[in-house]
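2 protein chains.
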Amino acid sequence: MTDGVVERSRPRDRILETARDMFHKHGIKGVGVDAITEAAGTNKMTLYRHFESKDELIVECLRANAAKAGAMWEGFETEFPGDKLAQLHAWVRKAAVMLKADGRGCDMANAAAELTEPDHPARLVIKELKEAQRERLVALCRDAGIGQAELLADTLSLLFEGARVSVQTVGTEGPSTQFVRMAEGLIVSFRGTAAG
Amino acid sequence: MTDGVVERSRPRDRILETARDMFHKHGIKGVGVDAITEAAGTNKMTLYRHFESKDELIVECLRANAAKAGAMWEGFETEFPGDKLAQLHAWVRKAAVMLKADGRGCDMANAAAELTEPDHPARLVIKELKEAQRERLVALCRDAGIGQAELLADTLSLLFEGARVSVQTVGTEGPSTQFVRMAEGLIVSFRGTAAG
DNA sequence: CTAGGGTGTTACCGGTCTGTAACTATGCAA
DNA sequence: TTGCATAGTTACAGACCGGTAACACCCTAG
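So the sequences go chain by chain: D and H.
When you line the first sequence up against our numbering, it's residues 18 to 213, in that order.
When you line the second sequence up against our numbering, it's residues 18 to 213, in that order.
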């Protein structure tokens, strides 16, 4: 993999893709810019011509991740046009797939764990992107006709977040295996108590 | 703080306490052994006389954390002797307090995010300690007379874990504020469906 | 053909990291 | 007083880090 990106695209894109992949696998402080550029089939100078620092590269990687997640949400809409409840269930299934994909948790959460300086530029965009993500899930729950949409969205969100860190600590055979069951149970329960 | 540990205890203890504190605040890769020993009022050679490497120090810190968490559980038993349901509610309240304590998540989860090498010695003890932790919560739910004890314990555990990373990404004012409400609701719901 | 922007190459700077060597100072016990 | 374990000090090794300078290369547009 990693080298699959080397093909023939612009150096900037190759660096971004490779950095995303390596940050995800080895963590941010676990990867140096030299290793990134080498894996991307280019060199350090070219990186610094496109990104003013490693920190900026980190931020761009996080934004790219969010963009990819956004595409996933659009996929739900095209797959189940107008059927918000079906889209919510699609989100649950997609989340379950992501849990089994690999043992690494959420890139943003991992970045927040690593970058502890309170004024690190990445912390701002992490908060921004996570809040946008929450808004989307809340809107989906609300439009699906669920009464306490915020509470359900937050509960599902915390469950998923927790499942991702559980996978990272005890592996894919731990409590996270019950995620779908928990999530579906919650949706049923919330639909029962107060429908729109 | 940090310097409060310097008082007069054995150098090994001071190093361990200081390392726990600094790893928690700044992450593992964010702290060098020099900084630890200086904050502990000693020096690098003394550290390497008591710990054969930084990795071993990390492992000992994680075990010390687990020991402290174990003491917390014993506190529940002494506070509500025999009343397992009360102890479960005490756990929920304690978890809520920890959520507001600081913006750093679970040390084990953070360590797992940072130490990505699959055979890192810390990964073994993280898995071991997290599984022990889960067993304790399952036992508490079971002894509290809840039917699906494993499912409730896992759900509560994922919720808490998720809340901790939420605090780390969007702060204490995010979805984690609803943790107690979610947890109490779940306990009520599980007690209703199947009592012992 | 030529000019110029994007790219590759090499070498380097100053700093930090884990870990070690060699030596000195201290305190306690026989 | 002698002896020994523990702890402190200084200096260093070897590696890696983010970031920059200077220069050679190629491809394309005019």
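There may be inaccurate statements among the hints.
A pair counts as met if it fits within one copy or between any two copies, since identical chains are not told apart.
Said to hold, decoys possible - Listed next, the in silico EDC-like pairs over lysine to aspartate or glutamate satisfying Cα-Cα at most 20 Å (straight line):
| id | residue 1 | residue 2 |
| --- | --- | --- |
| 1 | Lys71 | Glu201 |
| 2 | Lys42 | Asp119 |
| 3 | Lys101 | Glu69 |
| 4 | Lys42 | Asp100 |
| 5 | Lys144 | Glu73 |
| 6 | Lys71 | Asp100 |
| 7 | Lys144 | Asp119 |
| 8 | Lys71 | Glu152 |
| 9 | Lys42 | Asp136 |
| 10 | Lys46 | Asp72 |
| 11 | Lys117 | Glu201 |
| 12 | Lys61 | Glu201 |
| 13 | Lys42 | Glu55 |
| 14 | Lys46 | Glu134 |
| 15 | Lys144 | Glu190 |
| 16 | Lys101 | Glu152 |
| 17 | Lys144 | Glu77 |
| 18 | Lys117 | Glu134 |
| 19 | Lys117 | Glu73 |
| 20 | Lys85 | Asp136 |
| 21 | Lys101 | Glu201 |
| 22 | Lys46 | Asp136 |
| 23 | Lys117 | Glu148 |
| 24 | Lys71 | Asp30 |
| 25 | Lys144 | Asp30 |
| 26 | Lys144 | Glu94 |
If you are wondering where the hints come from, they were derived from the structure by calculation, not from laboratory data.
Results for each hint:
no.	hint	verdict
1	Lys71 x Glu201	neither (41 Å within a copy, 44 Å between copies)
2	Lys42 x Asp119	within (9 Å within a copy, 27 Å between copies)
3	Lys101 x Glu69	neither (42 Å within a copy, 57 Å between copies)
4	Lys42 x Asp100	neither (35 Å within a copy, 45 Å between copies)
5	Lys144 x Glu73	within (16 Å within a copy, 34 Å between copies)
6	Lys71 x Asp100	neither (42 Å within a copy, 54 Å between copies)
7	Lys144 x Asp119	between (24 Å within a copy, 16 Å between copies)
8	Lys71 x Glu152	neither (29 Å within a copy, 42 Å between copies)
9	Lys42 x Asp136	between (25 Å within a copy, 14 Å between copies)
10	Lys46 x Asp72	both (11 Å within a copy, 16 Å between copies)
11	Lys117 x Glu201	within (18 Å within a copy, 29 Å between copies)
12	Lys61 x Glu201	neither (48 Å within a copy, 53 Å between copies)
13	Lys42 x Glu55	within (16 Å within a copy, 33 Å between copies)
14	Lys46 x Glu134	both (13 Å within a copy, 13 Å between copies)
15	Lys144 x Glu190	between (30 Å within a copy, 11 Å between copies)
16	Lys101 x Glu152	within (15 Å within a copy, 38 Å between copies)
17	Lys144 x Glu77	within (14 Å within a copy, 32 Å between copies)
18	Lys117 x Glu134	between (31 Å within a copy, 19 Å between copies)
19	Lys117 x Glu73	neither (30 Å within a copy, 30 Å between copies)
20	Lys85 x Asp136	neither (26 Å within a copy, 30 Å between copies)
21	Lys101 x Glu201	within (15 Å within a copy, 28 Å between copies)
22	Lys46 x Asp136	both (17 Å within a copy, 18 Å between copies)
23	Lys117 x Glu148	between (25 Å within a copy, 19 Å between copies)
24	Lys71 x Asp30	within (15 Å within a copy, 37 Å between copies)
25	Lys144 x Asp30	neither (25 Å within a copy, 37 Å between copies)
26	Lys144 x Glu94	neither (25 Å within a copy, 38 Å between copies)
Consistency note: the structure conflicts with the earlier hints numbered 1, 3, 4, 6, 8, 12, 19, 20, 25 and 26.
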